[in-house]
Amino acid sequence: MDITPVANPALDPVQFPRLEEVEYLPVSTKYRGMRLALWGGVQLLVLAICLTPYLIYKFGGEESMATMSAWYWPVGIQAVFSLLWFLEEWKGFPRRGYAVRERDITYRTGWLFRSTTTVPFGMIQHSELSQGPVSRKLGLNHLKLFTAGGSGNLRIAGLEDDEAQALRAIIEARTRR
Amino acid sequence: MSTSFDVPKRQHPLGVFIIGAQFIWKAVQSFWPILIGVTLGEMKWYYFLAIPVGVLIAGAFALWYYLRFHFFISSDALIVERGIFQRERLQIPFDRIQAVQLFQGPIQQVFGLTGVRVDTAGSSGSELELVAIRKAEATILQQFLNSKMSLAPETGEDEPVDSDPHRSERVAKPLVALGTKDLVKVGLSQNHIKNAFLGLALFMSLFQGAEDHISNWLDGIPAAVVSIVGLSFVLLFIPGLVLMGIVGVLTSLGSVFLRYWRLNSTLDEDGLKLQMGLLRRNSFDVPFNKIHLTEWKSNWIRRLLGYETVRIRQAQAEGSGGLRVFIPAMEPLHRAAMEVALYPDLRKEAVFDVSPARRLRWILLAAASVPSILLLTHPEWGNVILALCWTAFVFWTTGRRYGSYRLSVYIDSIVLERGWFWQTRTVLKMSQLQGVEWKRNALLERRKIGHLVFHTAAGQSTFNYVNRDQAAKIRDFALNQLHAAQPKNQSI
Numbered sequence: 001m002d003i004t005p006v007a008n009p010a011l012d013p014v015q016f017p018r019l020e021e022v023e024y025l026p027v028s029t030k031y032r033g034m035r036l037a038l039w040g041g042v043q044l045l046v047l048a049i050c051l052t053p054y055l056i057y058k059f060g061g062e063e064s065m066a067t068m069s070a071w072y073w074p075v076g077i078q079a080v081f082s083l084l085w086f087l088e089e090w091k092g093f094p095r096r097g098y099a100v101r102e103r104d105i106t107y108r109t110g111w112l113f114r115s116t117t118t119v120p121f122g123m124i125q126h127s128e129l130s131q132g133p134v135s136r137k138l139g140l141n142h143l144k145l146f147t148a149g150g151s152g153n154l155r156i157a158g159l160e161d162d163e164a165q166a167l168r169a170i171i172e173a174r175t176r177r
Numbered sequence: 001m002s003t004s005f006d007v008p009k010r011q012h013p014l015g016v017f018i019i020g021a022q023f024i025w026k027a028v029q030s031f032w033p034i035l036i037g038v039t040l041g042e043m044k045w046y047y048f049l050a051i052p053v054g055v056l057i058a059g060a061f062a063l064w065y066y067l068r069f070h071f072f073i074s075s076d077a078l079i080v081e082r083g084i085f086q087r088e089r090l091q092i093p094f095d096r097i098q099a100v101q102l103f104q105g106p107i108q109q110v111f112g113l114t115g116v117r118v119d120t121a122g123s124s125g126s127e128l129e130l131v132a133i134r135k136a137e138a139t140i141l142q143q144f145l146n147s148k149m150s151l152a153p154e155t156g157e158d159e160p161v162d163s164d165p166h167r168s169e170r171v172a173k174p175l176v177a178l179g180t181k182d183l184v185k186v187g188l189s190q191n192h193i194k195n196a197f198l199g200l201a202l203f204m205s206l207f208q209g210a211e212d213h214i215s216n217w218l219d220g221i222p223a224a225v226v227s228i229v230g231l232s233f234v235l236l237f238i239p240g241l242v243l244m245g246i247v248g249v250l251t252s253l254g255s256v257f258l259r260y261w262r263l264n265s266t267l268d269e270d271g272l273k274l275q276m277g278l279l280r281r282n283s284f285d286v287p288f289n290k291i292h293l294t295e296w297k298s299n300w301i302r303r304l305l306g307y308e309t310v311r312i313r314q315a316q317a318e319g320s321g322g323l324r325v326f327i328p329a330m331e332p333l334h335r336a337a338m339e340v341a342l343y344p345d346l347r348k349e350a351v352f353d354v355s356p357a358r359r360l361r362w363i364l365l366a367a368a369s370v371p372s373i374l375l376l377t378h379p380e381w382g383n384v385i386l387a388l389c390w391t392a393f394v395f396w397t398t399g400r401r402y403g404s405y406r407l408s409v410y411i412d413s414i415v416l417e418r419g420w421f422w423q424t425r426t427v428l429k430m431s432q433l434q435g436v437e438w439k440r441n442a443l444l445e446r447r448k449i450g451h452l453v454f455h456t457a458a459g460q461s462t463f464n465y466v467n468r469d470q471a472a473k474i475r476d477f478a479l480n481q482l483h484a485a486q487p488k489n490q491s492i
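Those sequence lines, one after another, are chains A and B. Residue numbering for the first sequence follows my numbering, beginning at 1 and increasing consecutively. Residue numbering for the second sequence follows my numbering, beginning at 1 and increasing consecutively.
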């Protein structure tokens with residue numbers, strides 16, 4: 001006979017654990033400073049590049065730079081992008097956070113471009129903690145979680161040392177199960 | 001020659017020729033600009049001495065490589081030692097193997113040998129090729145690896161979804177087999193427009209310099225003749241189009257014959273077996289639990305002929321080649337047979353059945369009516385009529401396109417459908433999901449719309465513009481089903 005009892009499809013979806021109800025843990029506030037410093041650094045660099053032809057023409061007397069001395073166009077365009085980026089960092093930072101449930105981890109990020117990604121522990125192939133020179137000074141860690149195929153990889157940036165270790169321990173334990 | 005793989009052994013001695021041919025081919029591929037440069041210059045007879053010298057060097061290296069190449073099977077892995085200057089030892093655990101493929105290029109066909117390609121879930125370059133094995137040996141090796149790899153993740157049959165009655169039949173059921181007539185049909189229903197554009201691009205790049213010559217020549221001839229010349233160009237244009245069409249069709253037919261010659265496929269209880277190809281004959285053996293995504297594609301002509309193409313995708317790192325298995329000319333009954341075997345829950349009722357938010361219709365419409373707006377920037381009678389016609393056409397097609405987007409969630413499978421003229425249907429299993437993402441920008445967030453992204457080991461698939469509440473329900477359900485199936489799917 002080919003009667004196969006299958007889970008009843010008329011399930012009430014409300015009874016499933018809802019992801020919307022989880023509370024997100026914020027990442028370290030030091031990371032906000034780091035991101036803003038990065039923003040400032042890049043802005044200064046771009047500004048310098050935009051202004052160089054003008055400064056050479058104005059103060060160096062280099063006539064060949066005259067055609068490129070219209071500094072307000074590149075600076076104006078840069079100002080728009082810079083503002084958007086700043087808003088993304090400023091308003092996006094409070095939205096940055098992760099939530100650990102029994103069987104999966106969720107990471108939420110972004111203000112203009114928002115994304116909420118959930119990766120089940122069972123699918124994590126390996127994890128990696130990384131620190132650059134600056135984040136090492138600040139005691140920050142970036143946790144990377146790798147899944148098969150690489151499309152679901154997750155990077156949780158700006159974790160305090162002990163927090164990162166704790167999170168990694170949880171992941172190691174849950175992944176092995 | 002024994003057929004046991006316990007001790008390190010070499011490939012078949014004739015493999016030296018195949019390795020040599022591969023070396024020569026690689027050398028030609030990397031040095032062809034130099035070769036062409038030399039032939040354009042003044043030719044000396046002694047230049048041709050380079051050919052036997054090159055062949056000799058390639059032969060010596062091939063022999064060396066052949067002697068250093070060993071493979072064997074340990075208790076849990078396939079092990080290969082290879083390399084001339086830099087020796088390496090590859091160890092591929094059975095449960096990491098995604099598929100074992102046998103292939104016969106022209107050389108192998110002449111010598112009655114077979115190549116074996118083993119694909120792993122790693123990044124590109126980690127797959128492994130044995131180029132010359134006796135046919136009987138290769139089949140034994142393929143069967144052995146296949147039994148090992150399909151056993152590995154299976155720990156229990158307690159999941160209700162899996163205990164499908166069709167699986168208990170221990171015979172291989174035939175799936176698609178293509179004869180010459182079918183190949184012609186497949187070839188004729190290829191995307192000729194794409195091929196024609198490829199041809200056009202090639203043509204343009206070849207005749208870049210010709211434009212100047214033509215304009216110089218046109219300047220030289222009397223004004224009265226110019227109009228006649230212009231007319232003749234228009235007359236030439238149409239035969240040119242026809243010629244391009246013919247070239248496109250012939251290319252399509254040729255590539256189809258080369259790839260799918262004598263295609264034959266069977267389904268057995270735990271995998272799909274497939275043979276095809278003319279010059280290079282491939283034989284695939286893909287276990288069901290290593291299939292992470294299936295993509296069904298068809299266009300209007302194919303649907304008239306009553307079939308579609310399926311692409312089977314396995315775990316692979318993004319950007320890496322991985323194994324690409326296409327089966328063209330799947331008729332509805334073939335699709336049913338394959339889906340029963342792969343996704344038995346599709347026969348049950350869908351748990352969720354979702355269409356995108358209505359906003360998508362307006363976005364599609366706005367994007368599609370750009371040409372008519374451009375036309376109206378020059379308001380002449382002809383342009384206005386053309387713009388109106390285009391808008392009407394676009395209204396009709398966007399309605400169809402919008403209606404074609406559909407996300408159906410079953411007990412263990414997700415089906416994403418899109419497209420009206422070119423239809424695509426993607427099926428994936430929730431138990432194989434690597435992650436679920438909810439993506440939107442600030443504007444969409446305000447309207448409670450976003451994109452639902454399913455990350456699988458074979459890449460991501462996205463369903464765009466879903467209402468937030470529906471998406472949240474589907475995400476919760478998918479994660480729940482995924483967790484429920486977890487212990488079974490520890491390894492991919």
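Read the hints as simulated data drawn from the structure, not as lab findings. From a predicted model like this one, the values you see are computed outputs, not experimental measurements. Mixed in with the good hints there might be a few duds.
In silico SDA-like cross-links for lysine to any residue, where the CA-CA straight-line distance does not exceed 25 Å [said to hold, decoys possible]: (1) B:Lys439 / A:Pro94; (2) A:Lys91 / A:Leu19; (3) B:Lys448 / A:Trp90; (4) B:Lys297 / B:Lys448; (5) B:Lys473 / A:Glu20.
Status of each hint after checking the structure:
1. B:Lys439 / A:Pro94: Satisfied, since the Cα-Cα distance of roughly 17 Å is no more than 25 Å.
2. A:Lys91 / A:Leu19: holds, 22 Å
3. B:Lys448 / A:Trp90: holds, 22 Å
4. B:Lys297 / B:Lys448: With Cα atoms ~31 Å apart, Lys297 of chain B and Lys448 of chain B exceed 25 Å; violated.
5. B:Lys473 / A:Glu20: Satisfied, since the Cα-Cα distance of roughly 10 Å is no more than 25 Å.
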